[in-house]
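**Q** Residue numbers (this note's numbering), protein chains in the order written: chain A, 87 to 520; chain B, 215 to 474; chain C, 3 to 565.
Mixed in with the good hints, there may be bad ones.
[Stated by the list, open to error] Calculated lysine-lysine pairs in the DSS-like style (CA-CA distance at most 25 Å, straight line):
id: 1; chain 1: C; residue 1: K534; chain 2: A; residue 2: K246
id: 2; chain 1: C; residue 1: K534; chain 2: A; residue 2: K517
id: 3; chain 1: C; residue 1: K537; chain 2: A; residue 2: K246
id: 4; chain 1: A; residue 1: K126; chain 2: A; residue 2: K113
id: 5; chain 1: A; residue 1: K318; chain 2: B; residue 2: K394
id: 6; chain 1: A; residue 1: K491; chain 2: C; residue 2: K174
None of these hints come from the bench; they were simulated from the model.
Keep in mind that this is a model prediction, so the values were computed, not measured.
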Amino acid sequence: MVEITDVVCSLCGCVCDDIVLEVENNKVVKVKRGACSVGKSKLLGHERIKSPMIRENGELKECSYDEAIKKSAEILYKSRRPLLYGWSSTVCEADKVGVELTEDLGAVMDNTASVCHGPSVLAIQDVGLPSCTLGEVKNRADLVIYWGANPAQAHANHMKRYSYVSKGYWTAEGKKGKKLVVVDVRKTMTAKMADVFVQVEQGQDYPVFSALRAILQGHEDVVPDKVGGVPKEQLLELANMVKEAKFVMTFFGMGVTHTGARHNNIVNAIQFTRAAHLHTKASIMPLRGHYNVAGINQVCTWETGFPFAIEMARGYAWYNPGELSATDLLYRGDCDAAMIIASDPGAHFPGESLKHLAKIPVIQIDPYANPTTEFADVVIPVAVSGIEAEGNVYRMDNIPIRLRKILDTDYLPDEEILERILTEVRALREKEGE
Amino acid sequence: MQTITLKLKEAVRSGIAAVPVEVDALTPDQLFGKNEAELKAVKVWWGNREENTGDLFDVSVEGDAGNAEEVKIVFEGDLTRVKRIGDGMKAGEIEARGDVDMRCGAMMEGGKIVVKGNANCWAGREMRGGELIIEGDAEDNLCAMYRGEDKGMTGGKVTVNGNAGELVGQYMAGGEILIKGNADRLAGLNMRGGKITIESDAQWPGSDMTGGEIVVKGETEMTPSFKFVETATVDGVEYKKYLGDLAMGEKKAKGTLHVK
Amino acid sequence: MADELLIRNGVVYDPINGVKGEKKDICIRDGKVVDSVTNPKVIDAEGRVVMPGGVDIHAHIAGGKVNAGRIMRPEDERKGVEPKTKVCRAQSGYSVPNTFATGYRYARMGYTFVMEAAMPPLAARHTHEEMIDIPILDNAALPLIDNNWMTMEYVKSGDMDLLAAYMAWIIKATKGFGVKIVNPGGTEAWAWGKNCDLNDSVPYFDVTPAEIIKGLAVANEKFDMPHSIHVHTNMLGHPGNFEVTKDTYDLVKGVKASKDRQVIHTTHTQFHSYGGTNWGNFESKADAIADYINQNDHATIDIGSVILGDTTTMTADGPMEYSLYQITGRKWTNHDVELETGSGITPFLYSGKVSVHTIQWAIGQELALLVKDPWKVALTTDHPNAGPFIGYPIIISHLMSKKRRDESAEDMHKAIFDRAALPSIDREYDLNEIAIITRGMTAKALGLHEHGKGHLGVGADADVAIYDMSPEERDAGKIQKAFLNTKYTIKAGEIVVKDGEVVATPPGRTIFVTPECDDKLTDEMMVTLKDKFAKYYSVTLNNYPVQDAYLPNPYEIKAPWRS
């Protein structure tokens, strides 16, 4: 039995990197320290797709990697508008090959940001993002605001490692020296821990931000007695807490990115942070979901100029979420083939979008079977990044961390599968003499 | 006067997917002076491949034109997956007989487009001049900016006979928009110039505006950061005049919002 | 069979080897310049200008804040789109081009090496990941070492050996090249929303920026470092800051360089040569800075010259970006990095109709023209801060033509005539001087001339730029055009650009420096560092250093301990 320390978790955007594992006979037998319960379950492993498969007469039949890769290349090469979607639960090295494949095919490429923090990216494109690394929060923040986020359940280690509960240089007393504010539509587990809980009516976050901004700008006189279900006195109290704090940190989650004014909620949240900066130091950060959703945004941007929802049909990147997001594309029935990698639209997309996905040829690349497998025409199992394959990922604060390879495997890593598909596509093109 | 009729072939819409055709190459200024054979050979993008116009559309030409102003293009057939009609057009006229797909009249500089149906998102995006008439509804982002730009529509006139979606005229800096029905959330967001008139209802109009004027003739749900100035009369009708958006700070709050 | 190339009959400018426009053949074998060749492919350069590949001493081309600039500005990205070709990947971006465009566009200007000027240590992997994706160019990156808590604590305790040990560790851990200093103390203060002038005390740390700069200069010279400390001085962009800049030079005047080079390089000095007390009486003090440089030999500068138009500013100087955003109200990104540094990004439009911008535009060129010895000055735009690197040919044409400068000044705000010196300067650069400020000086200031960069002597890297112009060309427009797109760019003996088009995209190398520190000193320093990781960092020490996988084409320079 071997103990391995400082293992990096490949589950959520926290990317905890101080996990201690015990490995025996090429198996993780125990997670000794560091991981939350969900992370632990991933590290211990669960059932895998056994072999590459191709659907014939409605049934998935086992085949070789070569056959599955060839079939995938044929589907993609033939397509007039392939969608390559997913990318957030794999490493940057694979994402890079994905961009090259997109360019080669003239495909549409989108990643899971478009159904989670895509709105945050749109907001950043309007107003920027005053932010910091998570260690800054840990060492300095004396006022932590969670808005539309419930880390106590969704990012179990977040408060302990990085924010409200953590102890740092100027925050040696931990939560004793800090204030916690939670803004949400219902009293969540996180809200129960808060010094102040602000309950906003569903879909009314936008005017609440506007009111707070007006107050911080010195115009509380124009603010009505109640905004979005929140009494003016509570807004004034919150604004005062902001003014009196030394370092204000706002984290926001899906509760605010996908309701009401959606991405403009985030614009307003960032504008609130900018207004807070007139009085004190203030930062803001999206609580990102998948462990490398930040990474695919980074890679896609430095390689194409844009973070997600791009089309390369004309040989260069055209970016337009809302036109090119996977859900829109599928809802409209705009693409005639799809490759789904490292994600599960089968479980997360609206029914209308899935209907089209079931109609067109679909290639799935994933370590695990999931609802997408039910309608995939080619299924290619891969090594689990962070356990069986190494590579770079970006934490939710865009800190790059390298995932390790801990166990040996016969499964191929995503990167290699994609490179082989790309090679096959190029061979098909050469054959056709284009 | 010359009329070029382009009717989308049914075969284009018969596959398992509805891959859109992009017709930004088919504007009066670009087609002026081409004979029928040349018209049919103009390349248009259909997915990741370029095709001949004549392979996707039935093409017919009537009359002659002395300049681009005298060219009228009529789009017919199922246009719900025909994108970028009149994108970047500088002169002449386009009539689209049916519902059109995204980015109709985007970057338009001159001439006139009439849509005899609904327009999908981003119609009139970053419009600079000319006239766009949408006889049905307009979906989100009508006359808005491209992602990240701080200037949207800068000139021209747009009329929507029906309702408009979210974010009408975002970052608008000039020109005029008239919505005869309702405007969904955040019309005139970040507006800095020009005028938007909404004849029915609006939710949160003019948020973060720093200039320009919005008139809402129906019901208005306002954001909480506008300052009431006075009762004012516009075209003989009495309105409450507000100044904003104070969320942007006093120095920048130079937009005018008229509500009933 | 050896891979041979002969560049015949070009007019060669190779200032490091004293070649000033001589008709000369360049022989190349296996990627290096050699004495002679036997069976080469021949390039006829008859009548054309031939120079070593360009060496950029300071640009922001890769890493977290560059990419944050891209993410924030799709409107900039769409400005520069070019479709893929048989050899090139798709391009995007104007002021912050994607990685591929960065490589192609530099190569088309005849550049073959670029220094990424600011690498946050904690995010060093990001910088390297992007550098892997920049084709053609050799590169290196300067880690930020000045606002680091470890640095400030050792500066306060006065233990320069332990400071040197920490400096060495960070450079090794980040696979960096040297010591970058950006608004020392000011960026830490910014974590609380404050800033620091040169002699202010950094909040909670009880040291001054002046002490940090001096300390790091001393630490740097304890090793045979190829480069000196590379300094973005305090108070960037503030009227009257030229005094701070001069005081900064004086701080390190007594420090002895470990090699034959400067002890301090101050970067984008245009932003630090300002007179006046406010934006109303803002004026050029380029003459005062140039006088200092002329009278002293321990300091070099790069100019950070302004290109008119829209750009994206980005720097580790967080408070400065905040001030800029306060002026424009445009979008603003900030990213403070725990225990080390920070960064800010905001778009900016330089307009020739605005007095301040016009004076800024003049100052960069004044610095180049008033510093007498071109071996002390480098051409930069602090890409993309004062403008994108593709503006270099514009600057070159202005430096070479008084007429061009006068024509430009005519269209600009009249403040240029009473609050700047440029219109009264007659000096014109010749091609030899251009070669110095774009390759010879920069290679020497970085110590890279000893590693084959910036010259064409036997043994040098076969990086060559052939410009489609005669040495007698006086037309500024034609000069600008020639410097934007080479006739040929050759990288390590391979033709990568022909007739202005990229024809091959070999990967570049990453050059890194290994300062060799005594084990006992390192062990002592590590006790303190481990405590920092245990208590204050949000990553573990074991996961911190950049792994070898991030440098697929490494080139190591060892820097032995000197004292």
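**Q** Checking each numbered hint in turn, tell me which of them this model violates, lowest number first.
**A** 2, 5
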